[in-house]
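On the provided structure of chain A, position chain B as indicated by the hints.
As given, the protein sequences belong to chains A and B, one line each in that order.
Per this note's numbering, the first sequence starts with residue 88, numbered consecutively.
Per this note's numbering, the second sequence starts with residue 72, numbered consecutively.
Among the hints, a few may not be true.
Short derived list, chain B residues pointing at chain A, Cβ under 7 Å [claimed, not checked]:
hint	residue
1	122
2	125
3	297
4	302
From the structure, some residues in chain B lie toward chain A, with a derived Cβ separation under 8 Å [what the hints assert, rightly or not]:
hint	residue
5	189
6	190
7	225
8	288
9	293
10	296
11	299
12	303
For the record, the hints were derived by calculation from the structure and aren't laboratory data.
Model, not experiment: these values are computed from the prediction.
Glycine included, C-beta positions come from ideal geometry on N, C-alpha and C.
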Amino acid sequence: MTLAHPLWLTGLLAVPLIWWLHRAAGHGRTLWVASLLPYRDAAQTASAHAPARLTDPAWRRRALAATALTLALAEPSLQQRSRMATAWIDDSLSMQTREAAGSRIAQGFAQLRALSEREHIESLEIRSLSNPAISYALDAPPTSAGADALHPPPRSALRTDREQWLVTDGTKPQLARWATAVPLQHVIVVGAETRNVALTAISARASLRAPAQVRVDVQVLNAAAVPAARTLTVWSAPQRQGQTVLRLAANETRRLSFDVPLAPANWRAQLTPPDALSADDRIVLPSAALRPARVGVDARCPRIVTLALRAAPMLQVVSADLSAREPTAASVVCHRSERSTAGPALLLRPDAAEPLQRVAALWSTAAREQLSTSLAAQQFSARGVVALGDADALLLLQSPAGALAVRHGRGPYQLVTTLDFSAVAPTQQASVAVQLLQLLELTLGRSLLAPVAQVSRAPQESQIARRAPLPAPTRLRDAFGVRTRDLAPWLLGLTALLLLWDLQATYRERLPT
Amino acid sequence: MKSLVPYGELRAFARVATRLLSEHLLREGGARSVRSRAGAGLEFLEHRHYQPGDELRHIDWRQSARQQQTIVRRYQLESSIDWYLCLDASSSMSLTRADGSQLAAQCVAALAYVLLEMGHRVALLQFAQQIVAVCPPGRGLKQYLHLNQQLQRHWPRARAAGSQLGSCLVRVRAGSAAFVVSDFLTDDNMQRDLAALRSVCRQVHALQLADPQRGRLHTHGHVTLRDCETGERQDALAESALNHAAAASLVRRQNVLRDFGRSSGVHVSCWQGVNDWRGALLGHLKSAPRRA
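So here's chain A without its partners, still in its complex pose (with noise of 0.2 Å):
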């Protein structure tokens, strides 16, 4: 409880000299009576039925109401504190830590969970700082890692009647920066474990000589500040495909290369023996990207057209009526009046009307960025130019004519272009082909000439050691999640009972008997 002006308790002095006033002072009135003899038998008989009142019972009354006035004019304020938390949970790949009394994750909910018991917290929140917009329940600790990335809110974001509290293991400086940015009332630090080897990439490369074979690169880092051994096993499941022993030394970052051969299964790529951290011991990359696309082409296609993507060894070629019955990623169509298929199409449509002509064009900006080559300015033969038509049609390939290829839709795509790959000399067939598949790129989304298959996790996900160090915890304001109740009306009110009752009791008291 707290009081607006404490002066007014002096008030408070005035209960003794109400006291004094009903008591000692009252005897210093004198009343002659004609006899005392009826006061003494009234006396008597007073005192043999109930003791004899030494205070006048008014004096009570009337100091309750000055007590009471002199409160409301302190005007007090009775504060109750209503404590509520938000706990952001460090939910990265480092708190899945194994630690000897199990996953750090899983310690760090337990101690949240005794904190909030032994804080009295009526409402805890927990969210994650991967995506804030999970929460997660007291006995629920999640048993995987969120997003690569941690996403923690703003301070004005973070609300302000709750406190703040932080879980973490302390390996991500981001973290550490947020931390000290914002209020928060308690950081619980979990995790001791310091070594750690990790997987932190692999990729494969498609080898356009040697269709069949991959090479598969693997990255491993040894987080930790002592050297460390381990064995790398390349999987092509279920066949193992190589494996090596690696003596890494402290914060050492080693690359390795294993040729393995194409196949329909995952390339996995396993450290052993597991370590804290085993869920970077662990790495799998999809082949599917690797694999070739299946293409049907249109019959009425020139013949250049089917010999250019037949050579291209990430596309496997069929007619357009088999892909009718068998699923294709995309279609080649070279007749102008047939309407675009459902699926992603390749629309090679030259005007036969307009002249044949040998124009210098360029990629747009947007087409250079998703191709696999780059390529200057390249000499195109075209019929007539394309219109771009809806808001979605994304322009190309431009001449000083006009648009020669623009893209349609959201995904998946339908690309039209004027190009005519009709008649070609001899010596431009090669770039004629090159030409083809980078509008087949375009089309499909994916590399079909330097195909590359990758995953990564960041290095920093595997620190598992304590980097960072993270702020005092702030200490909770005052004012902090308090609902404030003013007394002083209540109070006020209580005095005019009390004088009410005063008034009523001296009029009763007064009238005749």
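Chain B alone, transformed into the frame defined by chain A:
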């Protein structure tokens, strides 16, 4: 000196009170009843034939002519006695009410007038701790003037004047009658003195001034009460409960005095809540036992 009660009022009161006094008071003293007998008196008793020795002034000539023989009137035997009017002049009488002592004096004056007119001898004794004023027995209007003068000369003192009815005993002649006007506020309600007076007098009357407001304290809170006669102090909490208890105590004391009067042959009445002395005095006379 001006009369305490105007003479017109006295004469009007005497017409009523004389009859009541004749019917109720003028009898043989004591508790026993006495048969009326013929003798010198004012009230007619019977007719009878004239006998030698009868006074000639008692011959009823009308009846003698009607019955053709001498008839005389006989009267009840009556005798005049000495009345001692004892008026309390203690301090408590001055606090009874604003005009308490004035009313008591008027009451005594009116009673004296009636008794004097009936031919009795009347004396006045004003007493406090001791007798403060005495007017010896006498007859006639002159005695009334003396009484009236004494009543207006001696008013009760406001403080330190106690009540001692016994002090009047030495002045009261045996075989007389006494009429005491007081508040009877003593420890024993003056019972001892009344009994002593009754043993001397043929009859004793007591008119108690009882003010219903006497026990009420018109204030609240702690006060020191002081007895105006003795000066004693007592601390008290003035509140309605005390007022009720004091009033009840006064009523109890009145009842005790009344019971004492019944057992001892003293006619006691209470002058309660009546500002008019006529009502109080007539009420007392009416409530007195009828003469046999």
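- Going back to the hint list, which numbers does this structure go against? 1, 2, 4, 5, 6, 7
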